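Each residue of the sequence shown is one higher than the one before, starting from 99 at the first, in this note's numbering.
Check the hints yourself; a few may be wrong.
Each pair of labels, with its calculated beta carbon distance range [unchecked claim]:
| # | residue 1 | residue 2 | range |
| --- | --- | --- | --- |
| 1 | Ser139 | Ala169 | 15 to 23 Å |
| 2 | Ser166 | Ala223 | 18 to 26 Å |
| 3 | Leu236 | Arg210 | 24 to 32 Å |
| 4 | Glu225 | Glu123 | 31 to 39 Å |
| 5 | Arg210 | Lys110 | 22 to 30 Å |
| 6 | Ser216 | Asp239 | 19 to 27 Å |
| 7 | Val277 | Ala223 | 18 to 26 Å |
| 8 | Val277 | Asp239 | 41 to 49 Å |
| 9 | Asp233 | Arg101 | 43 to 51 Å |
| 10 | Ala165 | Lys143 | 18 to 26 Å |
| 11 | Pro112 | Asp233 | 18 to 26 Å |
| 12 | Ser235 | Phe189 | 13 to 21 Å |
| 13 | Ala223 | Gly186 | 15 to 23 Å |
| 14 | Gly128 | Arg199 | 18 to 26 Å |
Just so you know, the hints here were simulated from the structure itself, not pulled from any lab data. What you are looking at is a predicted structure, and each value in this text was computed from that prediction instead of being measured. C-beta: ideal position from N, C-alpha, C; glycine also.
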Amino acid sequence: MDRTKRVVVGSKNPAKIRAVQIGLEAVLPGKKFDVVGAGVSSGVKAQPMTMQETSDGSKNRAIAAMASDGAAEFGVGLEGGIEEGPDGKHFESGWCTVVDRGGRIGQASTARMQVSGSVLERINAGEELGDIVDDLSLQTDVRSGQGFMGLITNGGLPRDACYSHAVMLAFAPFVSNPVFWRE
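Let the hints inform the model, and build the full structure from the sequences given.
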């Protein structure tokens with residue numbers, strides 16, 4: 099009988115915790131997981147503004163999550179951020195990092211979507227995307243539910259579903275044939 103694997107997510111955000119559960123169930127069907135959140139720091143700005151900063155935030159969260167729980171087999175960090183893309187446009191996406199006790203690391207990102215100029219202006223003025231989304235949607239704590247992604251897709255792609263794809267891909271080095279991961 100398989101034992102339950104403890105996985106610690108570097109966040110208390112319910113959407114991020116659900117994303118990890120969904121991702122694990124997809125790549126390791128039939129296995130049992132105890133997925134819990136830990137309130138850890140990303141070590142980056144509250145609103146990351148580059149791919150590197152967002153990736154670093156996810157890695158810092160994964161490492162801190164692992165360190166926060168001696169029983170954890172995996173630490174997972176999820177971090178959302180904004181980055182400049184083609185034609186000077188800006189895009190929102192999330193990064194996922196998975197670490198294990200052996201020091202192995204897997205990383206992946208979510209799909210990206212364009213951020214409007216008016217939203218970007220507010221971000222550049224110091225507001226976080228989550229607060230802007232709450233203000234514009236007249237809702238509270240959208241980031242813990244469907245997220246910006248879910249809101250702008252009319253519920254078609256909620257945050258947990260979108261982030262779960264990055265979780266699956268970040269777990270790939272741990273669940274697939276090692277031949278694909280030789281340096």
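Status of the hints after comparison with the structure:
no. : hint                        : in the structure
1   : Ser139 - Ala169: 15 to 23 Å : holds (21 Å)
2   : Ser166 - Ala223: 18 to 26 Å : violated (34 Å)
3   : Leu236 - Arg210: 24 to 32 Å : holds (26 Å)
4   : Glu225 - Glu123: 31 to 39 Å : holds (35 Å)
5   : Arg210 - Lys110: 22 to 30 Å : holds (25 Å)
6   : Ser216 - Asp239: 19 to 27 Å : holds (22 Å)
7   : Val277 - Ala223: 18 to 26 Å : violated (49 Å)
8   : Val277 - Asp239: 41 to 49 Å : holds (43 Å)
9   : Asp233 - Arg101: 43 to 51 Å : holds (46 Å)
10  : Ala165 - Lys143: 18 to 26 Å : holds (22 Å)
11  : Pro112 - Asp233: 18 to 26 Å : holds (21 Å)
12  : Ser235 - Phe189: 13 to 21 Å : holds (19 Å)
13  : Ala223 - Gly186: 15 to 23 Å : holds (18 Å)
14  : Gly128 - Arg199: 18 to 26 Å : holds (22 Å)
When the structure is compared with the earlier hints, violations turn up for hints 2 and 7 and for no others.
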